[in-house]
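Which chain is which? The protein sequence lines are D and L, in order. Residues 1 to 114 in our numbering are what the first sequence lists, from first letter to last. Residues 115 to 225 in our numbering are what the second sequence lists, from first letter to last.
None of these hints come from the bench; they were simulated from the model. For every residue, glycine included, the Cβ atom is placed at its ideal position computed from N, Cα and C. There may be inaccurate statements among the hints.
The list that follows gives simulated cross-link-like pairs (lysine to aspartate or glutamate, EDC-like), each with its CA atoms no further than 16 Å apart [to be verified]:
1. D/LYS11 - D/ASP56
2. L/LYS212 - D/ASP63
3. D/LYS62 - D/ASP96
4. L/LYS212 - D/ASP56
5. L/LYS173 - L/GLU152
6. D/LYS78 - D/GLU102
7. D/LYS15 - D/ASP96
8. L/LYS212 - D/GLU14
9. D/LYS78 - D/GLU68
10. L/LYS212 - D/GLU83
11. D/LYS71 - D/GLU102
12. L/LYS170 - L/GLU152
13. L/LYS212 - D/ASP96
14. D/LYS11 - L/GLU168
15. L/LYS222 - L/ASP181
16. L/LYS222 - L/GLU152
17. D/LYS11 - D/ASP86
18. L/LYS184 - L/GLU129
19. L/LYS212 - D/ASP86
20. L/LYS184 - L/GLU168
21. D/LYS78 - D/ASP96
Taking beta-carbon pairs under 10 Å as the criterion, some of the chain D residues facing chain L (in silico) [claimed, not checked]:
22. GLN48
23. LEU91
24. GLY106
If you want the building blocks of each chain, they are given just below.
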Amino acid sequence: EAEVAQSPRYKITEKSQAVAFWCDPISGHATLYWYRQILGQGPELLVQFQDESVVDDSQLPKDRFSAERLKGVDSTLKIQPAELGDSAMYLCASSDRYLNTEAFFGQGTRLTVV
Amino acid sequence: TQLLEQSPQFLSIQEGENLTVYCNSSSVFSSLQWYRQEPGEGPVLLVTVVTGGEVKKLKRLTFQFGDARKDSSLHITAAQPGDTGLYLCAGATSGTYKYIFGTGTRLKVLA
Numbered sequence: 001e002a003e004v005a006q007s008p009r010y011k012i013t014e015k016s017q018a019v020a021f022w023c024d025p026i027s028g029h030a031t032l033y034w035y036r037q038i039l040g041q042g043p044e045l046l047v048q049f050q051d052e053s054v055v056d057d058s059q060l061p062k063d064r065f066s067a068e069r070l071k072g073v074d075s076t077l078k079i080q081p082a083e084l085g086d087s088a089m090y091l092c093a094s095s096d097r098y099l100n101t102e103a104f105f106g107q108g109t110r111l112t113v114v
Numbered sequence: 115t116q117l118l119e120q121s122p123q124f125l126s127i128q129e130g131e132n133l134t135v136y137c138n139s140s141s142v143f144s145s146l147q148w149y150r151q152e153p154g155e156g157p158v159l160l161v162t163v164v165t166g167g168e169v170k171k172l173k174r175l176t177f178q179f180g181d182a183r184k185d186s187s188l189h190i191t192a193a194q195p196g197d198t199g200l201y202l203c204a205g206a207t208s209g210t211y212k213y214i215f216g217t218g219t220r221l222k223v224l225a
C-alpha cells in the first residue's frame, strides 16, 4: 500500500543547531504539505507545494525555517537555528488533486529541542 | 486564525455511550475530511464529505456535512475503547488552496 515516508522518526537537537526533515510523498501526488503539531492540538500548515512551487507559506517562520521540493517529488524542511519552542511533531502529507482533498499523512517526525 | 472550530475539545465517556463531535466554520468548504490520530502517529483519513447535507456511515461512525457546507458532525454509536484518539476535521475553503485542520477533539473511552 502506498504511503508517505518521513525521516527521521525522532530527532533530538540542541537549541541553535540546524535540523532537517525529509518527506517522500505518495507516488504521483502533486500536492505536498508540511504541518507542525503541538501535542493535543490540530496540525498547523507551514507550507504547501504544488509540484515544485510553493502555493502557501504564510505561516512558515521564514527567518529560521525553509522548505524545498526541487524536483516536485520529495521535500526537505529545515530549521536553522532551532529554538526550544520548535519542539513539536512535524507532519508531511500529500494529495493527488490540486484542490486539496483527502490528504494522506506520514508518521511524522517528533522533534525535541533541548 | 483558526477557521475550523471543533467541540468539545475533550470528551471522556464510558464504553457503550454515544457521542457527537462538531466541526464549525464561517467559511464554505469545497469538501471536508475527518481524521483520527493516535499518539505519536500521523492522522489517518476516516471519510470525505463533499455534498451539502451528505451523510456517510462507517460502521458505528456517522458523518454529516451541513447543508451550507460550513459545518460537519461525527457521531459515534456505542463507543469502544478502541475509538480513543484525537479526532480532526479538515478541508480547503472554496476559493483558496490552503488545507487546514480543526482544533481537534480528544476522545477517551473508558472500559
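Verification of the hints:
Distance hint between D/LYS11 and D/ASP56 is unfulfilled; the C-alpha atoms sit about 26 Å from each other, more than 16 Å. Of the supplied pair hints, the one linking L/LYS212 and D/ASP63 is violated, its CA atoms being roughly 22 Å apart against a limit of 16 Å. In summary, the hint linking D/LYS62 to D/ASP96 is not supported, as the alpha carbons are separated by about 27 Å, beyond the 16 Å threshold. For the hint linking L/LYS212 to D/ASP56, the alpha-carbon distance of about 7 Å falls within 16 Å, and the restraint holds.
Pair hint L/LYS173 plus L/GLU152 does not hold up; C-alpha atoms about 19 Å apart against a cutoff of 16 Å. Among the hinted pairs, D/LYS78 with D/GLU102 is inconsistent with the structure: their alpha-carbon atoms are about 26 Å apart, more than 16 Å. For the given pair, D/LYS15 sits about 36 Å from D/ASP96 by alpha-carbon distance, which is inconsistent with the 16 Å threshold. With a CA separation close to 32 Å, the supplied pair L/LYS212 and D/GLU14 exceeds the 16 Å bound.
Our distance criterion of 16 Å between C-alpha atoms is met by D/LYS78 and D/GLU68, whose separation comes to about 9 Å. Pair hint L/LYS212 plus D/GLU83 does not hold up; C-alpha atoms about 26 Å apart against a cutoff of 16 Å. Restraint check for D/LYS71 and D/GLU102: not satisfied, since their Cα atoms lie roughly 23 Å apart, outside the 16 Å limit. Between L/LYS170 and L/GLU152 the alpha-carbon distance is near 22 Å, which puts this suggested pair outside the 16 Å criterion.
Our distance criterion of 16 Å between C-alpha atoms is met by L/LYS212 and D/ASP96, whose separation comes to about 15 Å. Simply put, D/LYS11 and L/GLU168 have alpha-carbon atoms about 42 Å apart, too far for the 16 Å limit, and the pair is violated. A hinted pair counts as satisfied when its Cα atoms are at most 16 Å apart, and L/LYS222 with L/ASP181 does not qualify at roughly 30 Å. Using a Cα cut-off of 16 Å, the hinted pair L/LYS222 and L/GLU152 holds, with the two alpha carbons roughly 11 Å apart.
About 12 Å separates the Cα atoms of D/LYS11 and D/ASP86, which keeps this hinted pair within 16 Å; it holds. The suggested pairing of L/LYS184 with L/GLU129 is violated, with an alpha-carbon distance near 31 Å, which exceeds 16 Å. In summary, the hint linking L/LYS212 to D/ASP86 is not supported, as the alpha carbons are separated by about 22 Å, beyond the 16 Å threshold. A threshold of 16 Å between alpha carbons decides the hint, and for L/LYS184 with L/GLU168 the separation of about 12 Å falls inside it, so the pair holds.
Only pairs whose Cα atoms come within 16 Å are accepted, and D/LYS78 paired with D/ASP96 is rejected, the gap being roughly 24 Å. With a least beta-carbon distance of about 7 Å to chain L, the hint placing D/GLN48 at the interface is held under the 10 Å criterion. Annotation: D/LEU91 was flagged as interfacial toward chain L, and the flag holds, the nearest CB pair being 5 Å apart, inside 10 Å. With a least beta-carbon distance of about 5 Å to chain L, the hint placing D/GLY106 at the interface is held under the 10 Å criterion.
The structure fails hints 1, 2, 3, 5, 6, 7, 8, 10, 11, 12, 14, 15, 18, 19 and 21 (numbered hints given earlier, in ascending order).
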